[in-house]
Amino acid sequence: MSDVAIRVENLSKRYRIGERERYYALRDVLTRAFRVPFRRCSSGSASTDAPKWIWALKDVSFEVKRGEVVGIIGRNGAGKTTLLKILARITEPTEGYAEVRGRVGSLLEVGTGFHPELTGRENIYLSGAILGMKKAEIDRKFDEIVAFAGVEKFIDTPVKHYSTGMHMRLAFSVAAHLDPEILLVDEVLAVGDLEFQKKCLGKMGDVAKGGRTVLFVSHQMNQIRRLCERVLWVDAGHIRQAGPTHEVVSAYETAMTSGAWAQSVHPEAAQFKARFLRWEIVEPRTDQPNVVATAGPISIRFILRVNQPIHTGVHGLHLFSSEGQTVWGVAIMRLTLESGLYEFLYNLDTLPLRPGAYFWLATFYDGAETLDYCWCPPELIVATPLWTHPQDRWGGLLNIPYRFDIRIINDDYKIH
Amino acid sequence: MLLPWGEAGGERITSRFSGSHACHLGRTVNQTVQSPEIREPSPPHLAVPSSSHHSITPLTVIRPKRGWWDLNLRELWEYRELLYFFVWRDVKVRYKQTLIGAAWAIIQPFMTMVVFSLFFGLLAQIPSNGLPYPVFYYSALLPWMYFAGSLTHATHVMVEHQRVITKVYFPRLILPVAAVLSGLVDFGIAFMILIVMMAFYGIGLTPSVLWLPAFLLLALTTALGVGLWLSALNAIYRDVRYAVPFLVQLWMFASPVAYPGSIVPERWQWLYGLNPMAGVIEGFRWALTGQVHLPSLLPVSVVAVALVLVGGLFYFRKMEGTIADLV
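So the sequence lines, in the order shown, correspond to chains A and B.
Our numbering puts the first residue of the first sequence at 16, with every later residue one more than the last.
Our numbering puts the first residue of the second sequence at 12, with every later residue one more than the last.
Treat the hints with care, since some could be wrong.
Said to hold, decoys possible - So the derived label-pair ranges between C-beta atoms look like this:
#1 A/ALA151 x B/ARG174: 23 to 29 Å
#2 A/TRP343 x B/TYR106: 36 to 42 Å
#3 A/ALA151 x B/ALA225: 33 to 39 Å
#4 B/ASN140 x A/ALA151: 25 to 31 Å
#5 B/GLN119 x A/ILE347: 54 to 60 Å
#6 B/LYS76 x A/GLU262: 52 to 58 Å
#7 B/TYR95 x A/HIS253: 41 to 47 Å
#8 B/LEU282 x A/GLU24: 52 to 58 Å
Because the hints were derived from the structure by calculation, they are not lab data.
Every value quoted in this text rests on a predicted model; they were computed, and no experiment measured them.
Glycine included, every Cβ here is placed at the ideal spot set by N, Cα and C.
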C-alpha cells in the first residue's frame with residue numbers, strides 16, 4: 016500500500032510587495048487613511064495607491080507518497096521556500112489546501128533557537144524543544160547528539176565561546192536527531208566546511224533511506240541527484256515540471272542555459288539594480304554550454320543586467336566543488352557601470368578539475384549593498400578524462416593533464 | 012545526462028517514481044487529532060484496520076484561517092514543554108553575566124519604595140490608610156513592577172524571536188505566555204523582602220492573604236491580555252515599542268501605586284475599576300495587611316481583564332498565521 020504523506024491542492028500565497036522586507040509604522044497607516052479620501056476627491060482614481068500584491072505561489076498542486084524523497088528546485092524567489100514554510104505551518108496560505116500526514120520536522124536553518132549565553136547542554140535542550148522534540152526524547156538522544164557533534168569536552172561551556180565550526184556541528188547534530196516522519200529541508204547543507212558537509216549529506220542519505228518522507232530544497236543539482244527520486248521544479252510560483260529526477264533536472268538545466276533564466280523571474284524583478292542572468296562556456300563551444308571536456312583553455316562568460324548605474328561595484332566569482340569546497344575564487348573591484356547588459360568574460364588558460372559537478376557563485380555588490388548573490392544554475396559539468404591515480408584517495412584534488420616520458424639516461428647522467 | 016562524477020560522488024538513488032496516482036484509503040480509527048484545524052479528510056468508504064505503526068500518524072490540514080473563534084488551546088497544552096523551556100531560558104539568561112544576579116529583582120522595587128516613601132509619604136503626606144509608608148508602597152510596587160516588566164517583555168517578545176518564528180512552527184501564543192510567566196521568578200524573590208518588612212513593622216498576616224494568588228493571577232492576566240494585543244501590533248507597527256514605556260508610565264500614575272485608591276470618590280470607583288491594575292494593587296494591600304477594605308471596584312476590574320484577555324487571544328490568533336511574514 017502506498018499512501019500519501021503530503022497532498023497539496025491549489026496552494027497559493029500572496030504577499031504585499033515589500034512585505035517581507037519592510038514593516039510599517041503606524042504613522043504610514045494614519046497618513047494613508049487621511050490622504051485616501053482627499054485623493055479620491057481630487058483625481059477620482061485611487062488605484063495608484065492600492066497595495067501591490069505578488070503571488071509567491073499560485074495554484075500549486077502535488078502529492079508526495081510516504082517514504083519518497085522529493086527535491087524542489089528553481090531560481091531564487093521562485094517560491095520554493097514559501098512552499099516549505101506553508102507545509103511547515105510557519106506561515107498560512109492565502110488560498111488552497113494541504114494535508115500532511117505524520118509528524119513534521121522542518122529544517123530551514125541550522126541552529127534555530129540557539130542562545131549564545133547558554134551552554135552546549137542547555138542549547139541542546141532548548142533547540143531540540145523548539146524543533147519539536149519532547150524532553151524525554153532529548154534525554155534519550157543526548158549522548159548521541161553530543162558524540163555526533165564531537166563537542167564532549169565543551170558541553171558545559173557557553174556556546175558563545177565555541178568556534179563557528181563547533182557551533183555549526185552541534186546545531187546540525189540536534190537537528191539531525193530530530194526524528195519526524197516527514198522532514199522539510201531548506202538548503203541547510205550549503206553551509207559549513209567540507210568535512211561537515213559530507214557528514215550532513217551522509218546523514219541526509221540515511222534519513223532518505225530510512226523510509227522517511229523528505230522534501231528537499233536545494234540549488235545544488237548534484238545533491239538533488241544524489242538524494243531525490245523525484246523533483247518538482249518551481250518557477251515564478253508555479254510548478255513548471257514534476258517527474259523523475261533526471262528528467263526534470265535536465266530540463267531545468269537546459270532552460271537555464273537557453274536564456275529562460277531571465278524570463279523566469281518575477282515581472283517585478285525589473286526593479287532590481289543588477290542581476291546575473293546566465294552563464295555559459297563560450298569556448299570551446301559544444302551543444303551543452305555547461306559541459307567542459309577539456310582542461311583548457313576555456314572561456315566562460317556571465318551575463319549581467321544592470322538597471323541602475325553602479326558606482327562602486329564589486330564582483331566576486333567562486334567555484335565550488337560538489338562537496339562544497341571553494342575550488343577557486345576571484346574578486347573584481349571598483350567597477351563603474353552604466354545601465355545595460357554586460358558580459359563578464361573569463362579566459363582561463365587551464366581548468367584542471369577532476370570530473371564531476373561544480374557550481375558557480377557569482378556575486379555583485381555596490382558598496383555595501385548586495386545586488387546579487389547567485390548560485391548560478393546549471394552546474395558546471397567537467398567531463399574530462401581522469402588523468403589521475405585510479406584510486407580516489409590517491410588521486411588528489413586536481414586533474415592535471417600531463418605527458419609522461421621515459422628514457423634511459425645512465426650514461427648522460429654521469430657526464431653532467 | 013551522463014554524470015561523470017557518478018563513481019566518485021557516492022551512491023546514486025535511481026528513480027523509482029512512477030507517476031502520481033494517489034491510493035488514498037480512508038482510515039476509520041486512530042487518527043490523533045493534533046489541532047482543531049484537523050478534520051477527517053473524507054468519510055471512510057473502506058474500513059482499513061490500521062497497523063500499529065500508522066496508528067499515531069497525525070493528520071494536519073493546512074488552509075487559510077477562516078474561523079476567528081478557534082483558539083486551539085489543546086495544541087497549546089501539547090506544547091507545554093516548549094513553554095517550560097522558554098521560561099527556563101528567560102530566567103537563566105537574565106541573570107547570566109550579571110554582577111549581583113537575582114539581587115536586581117529586589118533592588119528595583121526596594122529603591123523605588125524608598126524614594127516613594129520619602130517624597131510621596133514623608134514630605135507630601137499622602138494618606139496611606141494607616142499603613143507604614145514602606146509597606147504601603149512596597150506592597151503596591153511588587154505587583155506593579157511585575158506587571159510593567161511582563162507587559163514590556165510580552166510586547167517585544169514576537170520581534171525578539173523573529174528568527175525562530177520565521178524558521179519553525181509552534182503555537183505563537185507560547186511566547187507572550189512565557190514572557191509573563193518568567194517574571195514570576197523575580198516577583199517571588201522580591202516577595203521575600205515584603206515578608207521581612209511586614210515582620211519588621213509587626214503587621215500580622217490575616218486569612219485574607221489566601222486571596223493573594225488570585226490578585227497575582229489578575230495581574231498576570233492583565234499583563235497577558237494587554238501584552239497579546241501589543242505584541243501582535245508591535246510585529247506589524249514598530250512604533251508600538253516606543254509607545255510602551257510611555258504607556259507604562261501613564262498607567263502607573265493612573266493606578267494606586269503612589270496613593271491609596273480610596274482618594275477616588277466612591278461614585279467614581281466603578282470607573283476607576285476599569286483599570287484592572289487598580290483592582291490588583293488595592294487587592295494586594297487588602298490581602299496582605301487586612302487594613303484596607305476589599306476594594307469595591309474589583310468586579311469591574313475582573314470583567315475588564317476578561318474582555319481584554321479574550322479580545323487579545325482572538326486578535327493574536329488572527330495574526331498568528333501570518334505573523335512570520337511580518338516580523
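Here is what the structure says about each hint:
1. A/ALA151 x B/ARG174: 23 to 29 Å: 27 Å, holds
2. A/TRP343 x B/TYR106: 36 to 42 Å: 49 Å, violated
3. A/ALA151 x B/ALA225: 33 to 39 Å: 34 Å, holds
4. B/ASN140 x A/ALA151: 25 to 31 Å: Taking Cβ atoms as reference, B/ASN140 and A/ALA151 lie about 52 Å apart, which means the hint is violated.
5. B/GLN119 x A/ILE347: 54 to 60 Å: For B/GLN119 and A/ILE347 the Cβ distance comes to about 56 Å; the hint holds.
6. B/LYS76 x A/GLU262: 52 to 58 Å: Because 37 Å falls outside the window, the suggested range is violated.
7. B/TYR95 x A/HIS253: 41 to 47 Å: 43 Å, holds
8. B/LEU282 x A/GLU24: 52 to 58 Å: For B/LEU282 and A/GLU24 the Cβ distance comes to about 54 Å; the hint holds.
Consistency with the previously given hints fails for numbers 2, 4, 6, ordered from lowest to highest.
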